[in-house]
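Enquirer: Residue-level listing of the chains:
2 protein chains.
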Amino acid sequence: MMGCAGKILRVNLSSGTISVEEPGEAFYRQYFGGTGFVAYYLLKELPKGIDPLGPENKVVFALGPLTGHPVAGAGRNSVGAKSPLTGGIGFSEAGGFWGAELKKAGFDAIIIEGKAEKPSYLWIHDGQAEIRDGSNIWGKTTGEVEDVIRAELGDDRIRVAQCGIAGENRVRYACVLNDITHAYGRSGIGAVMGSKNLKAVAVRGTQNMPVADPAKLQELARWMATDNKPNWEGMKDTGTAGGVVSLHASSALPTKNFRFGQFEGHQKISGQTMRDTVLVSRDNCYACPIFCKRVVKTGEPHNVNPRYGGPEYETIGSLGSTCGLDDLEAICKGNELCNAYGMDTISAGVTISFAMECYETGLLTKDDLDGLDARFGNAEAMLSLLEKIARRQGVGDVLAEGSLRAARKWGKGSEIYAMQVKGQEIPMHEPRLKMALGVGYALSPTGADHCHNVHDTAFVKSSSSYEDLGIGGGPIPAADLGERKIRILSQLLPNRHFGNCVGLCNFVGWGNDKTLELVRAATGWKSTIFELLKVGERALNLAKCFNLREGFTQKDDVLPKRFYEPFLTGPLTGVAPTPEQVEEAKRNYYAMVGWDRETGVPLRGKMKELDIEWALDAATG
Amino acid sequence: MMGCAGKILRVNLSSGTISVEEPGEAFYRQYFGGTGFVAYYLLKELPKGIDPLGPENKVVFALGPLTGHPVAGAGRNSVGAKSPLTGGIGFSEAGGFWGAELKKAGFDAIIIEGKAEKPSYLWIHDGQAEIRDGSNIWGKTTGEVEDVIRAELGDDRIRVAQCGIAGENRVRYACVLNDITHAYGRSGIGAVMGSKNLKAVAVRGTQNMPVADPAKLQELARWMATDNKPNWEGMKDTGTAGGVVSLHASSALPTKNFRFGQFEGHQKISGQTMRDTVLVSRDNCYACPIFCKRVVKTGEPHNVNPRYGGPEYETIGSLGSTCGLDDLEAICKGNELCNAYGMDTISAGVTISFAMECYETGLLTKDDLDGLDARFGNAEAMLSLLEKIARRQGVGDVLAEGSLRAARKWGKGSEIYAMQVKGQEIPMHEPRLKMALGVGYALSPTGADHCHNVHDTAFVKSSSSYEDLGIGGGPIPAADLGERKIRILSQLLPNRHFGNCVGLCNFVGWGNDKTLELVRAATGWKSTIFELLKVGERALNLAKCFNLREGFTQKDDVLPKRFYEPFLTGPLTGVAPTPEQVEEAKRNYYAMVGWDRETGVPLRGKMKELDIEWALDAATG
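Protein sequences appear in the order of chains E and P. First residue of the first sequence: 542, per this note's numbering; consecutive thereafter. First residue of the second sequence: 542, per this note's numbering; consecutive thereafter.
Just so you know, these hints were derived from the structure itself, not from any lab. A virtual CB, placed ideally from N, CA and C, is assigned to each residue, including glycine. Just so you know, not all the hints are guaranteed correct.
What follows is a set of in silico ranges between Cβ atoms, one per label pair, in the way DEER data are often shown [unchecked claim]:
no.	chain 1	residue 1	chain 2	residue 2	range
1	E	F568	P	S1003	18 to 26 Å
2	P	R1025	E	V1116	23 to 31 Å
3	E	F568	P	R916	41 to 49 Å
4	E	P1112	P	G565	31 to 39 Å
Here are the simulated lysine-lysine pairs, DSS-like style, with alpha carbons at most 30 Å apart [stated by the list, open to error]:
no.	chain 1	residue 1	chain 2	residue 2
5	P	K585	E	K757
6	E	K770	P	K1067
7	P	K1067	E	K1055
8	P	K757	E	K1055
9	P	K770	E	K757
10	E	K757	E	K770
11	P	K659	P	K589
12	P	K1096	P	K585
13	P	K1067	E	K1067
14	E	K1096	E	K589
15	P	K777	E	K1067
16	P	K548	P	K1067
17	E	K1067	P	K1096
18	E	K757	P	K1055
19	P	K585	P	K681
20	E	K838	E	K770
21	E	K1096	E	K953
22	P	K548	E	K1067
23	E	K770	P	K757
24	E	K757	E	K950
25	P	K809	P	K838
26	E	K797	E	K1002
27	P	K585	P	K777
28	P	K1067	P	K1055
29	E	K1067	E	K548
30	E	K777	P	K1067
31	E	K1002	E	K809
32	P	K548	P	K1055
33	P	K1067	P	K757
34	E	K757	P	K1067
35	E	K950	E	K585
36	E	K1067	E	K645
37	P	K1002	P	K777
38	P	K1055	E	K1055
39	P	K1055	E	K1067
40	P	K645	E	K1067
Bound-form chain E, shown alone (with noise of 0.2 Å):
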């Protein structure tokens, strides 16, 4: 029997300072890690109303207790700030190796404070930190910044997680990338590490990390690589973009900024064809048999580069059938870009299908667009916005702003055709079909993200993601909004929430059982299923504490309009939700997670529930 606490790395950019905190493992226990920890420091730390670009904001990178132990899905963790995007809390996550290795190098998290006068790096190796030069990195692809910094370092083995020049120039999506092609693409953190003048933070570590039982830990692998394999070996063959043509076949594929459900050209971007042409490799993250990422290769005229991967589904969506384009070249390239520069190729996607949106209707005109003809399926005007996006170039530096700041800039009624919640771009998944999804992006903290999200497919086919949580009645309907979905989605967002937490991926089906094994094993903490929804809970509880503080209200819970409006050919042909349904749906989660049911704001009773009530004074002090 041992526990799980370890070190925290705080960083002061701006005095060079560098220290190290071991909070004890009542702490790590009640918080566990990765989102948890994220929004616990950034509640405490950060004071109300700050400039998510100025040197206050602080960006905490956190692994959780499963990362870096040799089980699938275990090199997910998370990073925070407060989000320029959103002006709310900001986290998201990413796979990879960098997390095992932080882990290795005997840290569970940094936290960045601060500005660097000058471009810096950070260097961690085997418990020690230093902030080292980083002229010769600025203004670099992600690609040429990792060799510069292993040939400085003279270690190939070094994990660099960076921003990009998307970061460098406060894209306000842009991301953070480990491994070149790992994402944490939401919420802007790329920007905020800009901001600091934080290029990398590279990460190379030896130690061994205590773990209570190894050879359950072993069993679990063990059984996830071989017993599981039919669960996970069609994900490995297509990829995450896999369900493309069944999306198109129920009206839930993105398309040309969300006015369609069904895509024409879906066949030529399917994660089929992507097998089938332009895939050269497959490529894994820490430990993880499944192999779910893609590498592509292309000739002319892109010439797309395997070194920056290949599209994820929502990569596929975003750049792909939301901007109307069926030419998969080009969106593997634009996906060499967003990896490269550093941008979250969903709100960069969307911010490009809005201005075509906006340009299709005739808001926009070929000389507000740098003379770009931007009608959907313009594959050049896609790739040179992603450029001009990444270098605040014409106007991509309108667009660098996201859509709801670009709609306000242009006016004229533009904001339609931003599809975002608390301005962040909504993800490639329909909420007139997954209405519960609909109104997670709508309750997300973190504006509309489907990693901190629950997807109503789940609900359709079988009861199983709920039905050991004690919620009967058998499968239900995606297009519902009734009580009973919402009790459902009110008790596995915090289930989702606990997988942020803990430091696990969404796409290995570990399930409850074996989640809670998994977390035995490696901490010895004697946890159950109630435990971790309720650090699940916490986590989401302190994110809506964030965000009270900066004024958020039930107001900013809203989904864009033209999700009430229904499709009016295809299979869900007059199928929406209505605002009175989704506000209804809103209201009843409020009550059933214990918020006040009219405005949002978390009971007392709640917060001294799960101990966090310092959360609520914080939040309403």
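Model the placement of chain P on the given structure of chain E, informed by the hints.
Expert: Structure of chain P alone, referenced to chain E:
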């Protein structure tokens, strides 16, 4: 994979109709059984404000999904009705063999309505049920009744639950007994049976029970019988009274109507002394290896009949130290009388100790007490009063009403000596030491009850009972009412109530993990601890709503004032909760469990979360 859903028998004694209901698996999974079923049916079916002793009341016997499976502790099951003692919800649990027999007869619950014209009993055997003439068992002791029924029906393996002479006479704390020695002790359900002219429920079953994973159940049973033996063999050795000496040492042995926590004669009435003197055998419940039940025999003057078992700790305390009485043989006789006549030993003993204190302080005279010299320690007075109460003779007719009603009848300020909550007498656990238990007494919908409560002693030694629920901070002193302890209480109470829904004995230390395994193996449901706690919370909220409908408010959630008066001697000198501490703890509890902090009324959102909004409508509509 199989579910768990059987048949519920409904018997209307007024009309003589008998029917069978099959509410389906979803109902079973929502409410599980035991007190969950009892609370459900009483809230759904009883009109507001009925006379508990009138024909509109209903008696509900309910098993749990584990009842009848061959594992330790699964002999436990519940009975309930509107309580004639409190006017609120009444339920009570017992072990024994009757529950398993009923399950094998094909039923999970019995709902008994109306009132028979003449003394009757119910005979249930393998899916059949009939109401039979009970004239020849009316007025008989429990032993006689069992003999007569078995002879009449020609089967010695028939199990009988019955109400006793005290129930016939509507003693407000008359219990229901099965197999003579297993008491559904609290809440006065025996009086409700008596008021219905229903003397007994005789059961015989030979059917096979469905079971999802018999091998797993066997494995768990074997673990309890062998590996876990060190944890229960002390209980087998000395029974529940094994702690008398240490309770005295810590000043927590209720003495002389709770005026003191230490009793000079404690050694004479300890479980160890019982073992070494009057004990002739040990008894068990269905499938239980622990044999915690005592069987005692004495010679003159009391000639205690071993057929009526032997005293539990609760009986040792209530008929012994609480009455200032160190005569173990007299206590054993009192136990025999209570089991023969069907009286709750706790309420009987504490009502007698109330009379004794009134006598010693001069509020009552010998004349008031039928000439008895009812000073503390007078065994003959105690035994004589038990006889009088059961038969409602002389002063027994007043004491049969319970201490609160007796105090109100006698007046003169005697109510301060009535050691009760909501009219039900306090069990043998000292709230001045075990402060959360004291708050639990105040909060319990059934009035002071140790089976619907949590013992602080679990907190003192280790945090194992709540660590797995994620409540950190290590062990916590018994004499503490801080927020952390109330958080523990707020989670352990649903846990305890779950035990009363599933049908597991508190004395068998299965722990959360193995309880979950038992549930899964018995039912085939893929449950989690989260679900099980929600089941307990649901049952507790139903019970709360029942009381709300009857007009109970937070003002009824109070402890007797005596517990705010510290002892003047012994190790607890000067230690007692203050009224303000208890009120604050109560309000913290309300808030943490999703009730209004001031009124204690469940919030609608909590009821939505638990999927029992109907219960709040029933309570407030």
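Enquirer: It remains to establish, for every hint, whether it holds in the given structure.
Expert: So, going through the hints one by one against the coordinates:
1. F568/E x S1003/P: 18 to 26 Å: Given about 21 Å between the Cβ atoms, the range holds.
2. R1025/P x V1116/E: 23 to 31 Å: This hint is violated: roughly 49 Å between Cβ atoms.
3. F568/E x R916/P: 41 to 49 Å: violated (58 Å)
4. P1112/E x G565/P: 31 to 39 Å: Roughly 33 Å apart at Cβ, these two residues keep to the hinted range, so it holds.
5. K585/P x K757/E: violated (48 Å)
6. K770/E x K1067/P: With a Cα-Cα distance of about 22 Å, the restraint between K770/E and K1067/P holds, given a limit of 30 Å.
7. K1067/P x K1055/E: With a Cα-Cα distance of about 13 Å, the restraint between K1067/P and K1055/E holds, given a limit of 30 Å.
8. K757/P x K1055/E: holds (19 Å)
9. K770/P x K757/E: holds (26 Å)
10. K757/E x K770/E: holds (19 Å)
11. K659/P x K589/P: Given that 30 Å is the threshold and the Cα spacing comes to 27 Å, the pair holds.
12. K1096/P x K585/P: holds (25 Å)
13. K1067/P x K1067/E: Holds, because 20 Å separates the two Cα atoms, which is no more than 30 Å.
14. K1096/E x K589/E: Holds, because 20 Å separates the two Cα atoms, which is no more than 30 Å.
15. K777/P x K1067/E: Holds, at roughly 28 Å.
16. K548/P x K1067/P: holds (22 Å)
17. K1067/E x K1096/P: This hinted pair is violated, its Cα atoms lying about 39 Å apart.
18. K757/E x K1055/P: holds (19 Å)
19. K585/P x K681/P: violated (34 Å)
20. K838/E x K770/E: holds (27 Å)
21. K1096/E x K953/E: Holds - the C-alpha atoms of K953/E and K1096/E are around 23 Å apart, at most 30 Å.
22. K548/P x K1067/E: violated (37 Å)
23. K770/E x K757/P: holds (27 Å)
24. K757/E x K950/E: Not satisfied, since the Cα-Cα distance of roughly 56 Å exceeds 30 Å.
25. K809/P x K838/P: This hinted pair holds, its Cα atoms lying about 16 Å apart.
26. K797/E x K1002/E: holds (28 Å)
27. K585/P x K777/P: Judged against 30 Å, a Cα distance of about 41 Å means the pair is violated.
28. K1067/P x K1055/P: holds (14 Å)
29. K1067/E x K548/E: holds (22 Å)
30. K777/E x K1067/P: holds (28 Å)
31. K1002/E x K809/E: Answer holds: K1002/E to K809/E is near 27 Å, not above 30 Å.
32. K548/P x K1055/P: Status holds; Cα separation ~27 Å.
33. K1067/P x K757/P: holds (14 Å)
34. K757/E x K1067/P: holds (22 Å)
35. K950/E x K585/E: violated (34 Å)
36. K1067/E x K645/E: This hinted pair holds, its Cα atoms lying about 24 Å apart.
37. K1002/P x K777/P: holds (22 Å)
38. K1055/P x K1055/E: Distance ~16 Å between K1055/P and K1055/E Cα, so the pair holds.
39. K1055/P x K1067/E: With Cα atoms ~13 Å apart, K1055/P and K1067/E stay inside 30 Å; holds.
40. K645/P x K1067/E: violated (36 Å)
Of the numbered hints given earlier, the model fails hints 2, 3, 5, 17, 19, 22, 24, 27, 35 and 40; all others are met.
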